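S.K.: Sequence:
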Amino acid sequence: MLLDLMLIIGLLLSTTSQLRVAAIPIGPGEALLLLWLAIAATREMARLGPPLTHALSRLLIFWSAFAAALCLGAMTGYAMGDMHDPRWFYHDIAAYGLAALISCFGVIHLEASGRLRPRIWLFVGLGTGLLALQAVLGWFDAGGGQFATWEWDRLRGLTENANQLALTSAIIGLLALHLADTARQPLPRLAAGLCIVVAVVVGRLTKSDAFLLVIAVSGVVYVLMKLRTWMLAEVNPLPLRSAAAWALALSLPFAVALAAPFGSSLAQQAEAVAAHAMRGGGERETRETANLRIAIWSEAMRRGLEALALGLGPGPHLKIPDEIAIGRRSTSGGPQDVPQPEVRLAPNFEAHNTVLDVFVQGGLPALLGLGWLIGGILVGAWRGRLDAVTTLVCGLAAYSLFHFILRQPVVWFALVFCLAATAGPFPADARQRTGAAFPTGDREPCAY
Numbered sequence: 048m049l050l051d052l053m054l055i056i057g058l059l060l061s062t063t064s065q066l067r068v069a070a071i072p073i074g075p076g077e078a079l080l081l082l083w084l085a086i087a088a089t090r091e092m093a094r095l096g097p098p099l100t101h102a103l104s105r106l107l108i109f110w111s112a113f114a115a116a117l118c119l120g121a122m123t124g125y126a127m128g129d130m131h132d133p134r135w136f137y138h139d140i141a142a143y144g145l146a147a148l149i150s151c152f153g154v155i156h157l158e159a160s161g162r163l164r165p166r167i168w169l170f171v172g173l174g175t176g177l178l179a180l181q182a183v184l185g186w187f188d189a190g191g192g193q194f195a196t197w198e199w200d201r202l203r204g205l206t207e208n209a210n211q212l213a214l215t216s217a218i219i220g221l222l223a224l225h226l227a228d229t230a231r232q233p234l235p236r237l238a239a240g241l242c243i244v245v246a247v248v249v250g251r252l253t254k255s256d257a258f259l260l261v262i263a264v265s266g267v268v269y270v271l272m273k274l275r276t277w278m279l280a281e282v283n284p285l286p287l288r289s290a291a292a293w294a295l296a297l298s299l300p301f302a303v304a305l306a307a308p309f310g311s312s313l314a315q316q317a318e319a320v321a322a323h324a325m326r327g328g329g330e331r332e333t334r335e336t337a338n339l340r341i342a343i344w345s346e347a348m349r350r351g352l353e354a355l356a357l358g359l360g361p362g363p364h365l366k367i368p369d370e371i372a373i374g375r376r377s378t379s380g381g382p383q384d385v386p387q388p389e390v391r392l393a394p395n396f397e398a399h400n401t402v403l404d405v406f407v408q409g410g411l412p413a414l415l416g417l418g419w420l421i422g423g424i425l426v427g428a429w430r431g432r433l434d435a436v437t438t439l440v441c442g443l444a445a446y447s448l449f450h451f452i453l454r455q456p457v458v459w460f461a462l463v464f465c466l467a468a469t470a471g472p473f474p475a476d477a478r479q480r481t482g483a484a485f486p487t488g489d490r491e492p493c494a495y
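Residue numbers (the working numbering): 48 to 495.
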């Protein structure tokens, strides 16, 4: 239990960047994680290593291939004479190393003693409390000058930027969705539902466009996955919700045909609602942001192709766009302690897109390795009918379209959970247990 608390508190505190001391590069969260890693490594050495489970072997293969791809990218960049910022080069090496250790030892710890679900409950419960605390600090502006809980009109709590808080809210909310989906009793389902509400409220207070996309994508994916699960329920006679799912699926083509004449009007209304919901809300600002993102992504593609799709090594490799540099020089009186890359001779800007940033750093080999890992999780969740796990992966994928999330420890905790839930051998009687659960009104049980 103590090791569980150390790991989970360390993961959650690693997101609260404002708790770090200026002269020390790590904060209390990273310190707890390093202490937990030391204890976990000592325990594994004492018992002559952990069992090589399917989930652990997949992680070891991925990190070995990813490290090799980054090394190849660094050599390619050196051969091309590419300039890089040494500070961010070593920063990424340290971040990837910490993520690799946390993910590998994390999957060992989560799979031990068959206590995966209680540990997820602990993470969601403590995480919800931390989100609520940051919302309260922002509501009363209780930082007292020590913490800046707002970034302009966006809640950032104890993090350095609002997007970090939005990512934490998304992960906690999606994990709580899995707990609610697989709960057998009303009380745990209600508790998980309350955690989802807190995560959604805090995430919307950050005014993150990526978080809004996560809500939309996760909602659609979860509904589709539940319809599939209900339609494939092997029960005779057919339960009410399975019959309703089939009726909805069969009526969908007719609904699309009826809505086709109104497609243009519906698209315009949806675009207006999306523009209003997004940060800023103005059509002009939304268009400028989209154009800037496209320009940055195009530059990232160009840099990746210049390296023959082999990558340029760890660290950022894009120049800061002129629009951003000019905007920073002309803006004053903004929030404190917002980390921004400085304009230097060496490129130090990222694409803010996980796929493109991995492509620029590790090239096509790193991208294929990441796709293999995520694809394996999705296949396992599909076969095991773990609808919320599929939703979690798709939600993280949606968030990664606008941010580089591969260095975040909390992201790897979520992926490790998905691996542990899907990578093991699926029980032979799971299909019968899933079908038998429908007539009683219970949720389908977890396969782990």
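Source of the hints: derived by calculation from the structure; they are not laboratory data.
The structure displayed is predicted, hence computed values, not measured ones.
Certain hints may be false.
Said to hold, decoys possible - The calculated lysine to aspartate or glutamate pairs, modelled on EDC-like cross-linking and capped at a C-alpha distance of 16 Å, are: (1) Lys-366 x Asp-132; (2) Lys-366 x Asp-129; (3) Lys-366 x Glu-346; (4) Lys-366 x Glu-353.
S.K.: With the threshold set at 16 Å, check whether the alpha-carbon distance from Lys-366 to Asp-132 stays at or below it.
M.R.: holds, 11 Å
S.K.: Is it true that the CA of Lys-366 sits at most 16 Å from the CA of Asp-129?
M.R.: Holds. Lys-366 to Asp-129 sits at ~12 Å (cutoff 16 Å).
S.K.: With the threshold set at 16 Å, check whether the alpha-carbon distance from Lys-366 to Glu-346 stays at or below it.
M.R.: holds, 9 Å
S.K.: Holds or violated: are the alpha carbons of Lys-366 and Glu-353 at most 16 Å from each other?
M.R.: Holds. Lys-366 to Glu-353 sits at ~15 Å (cutoff 16 Å).
Of the numbered hints stated above, none is contradicted by the structure.
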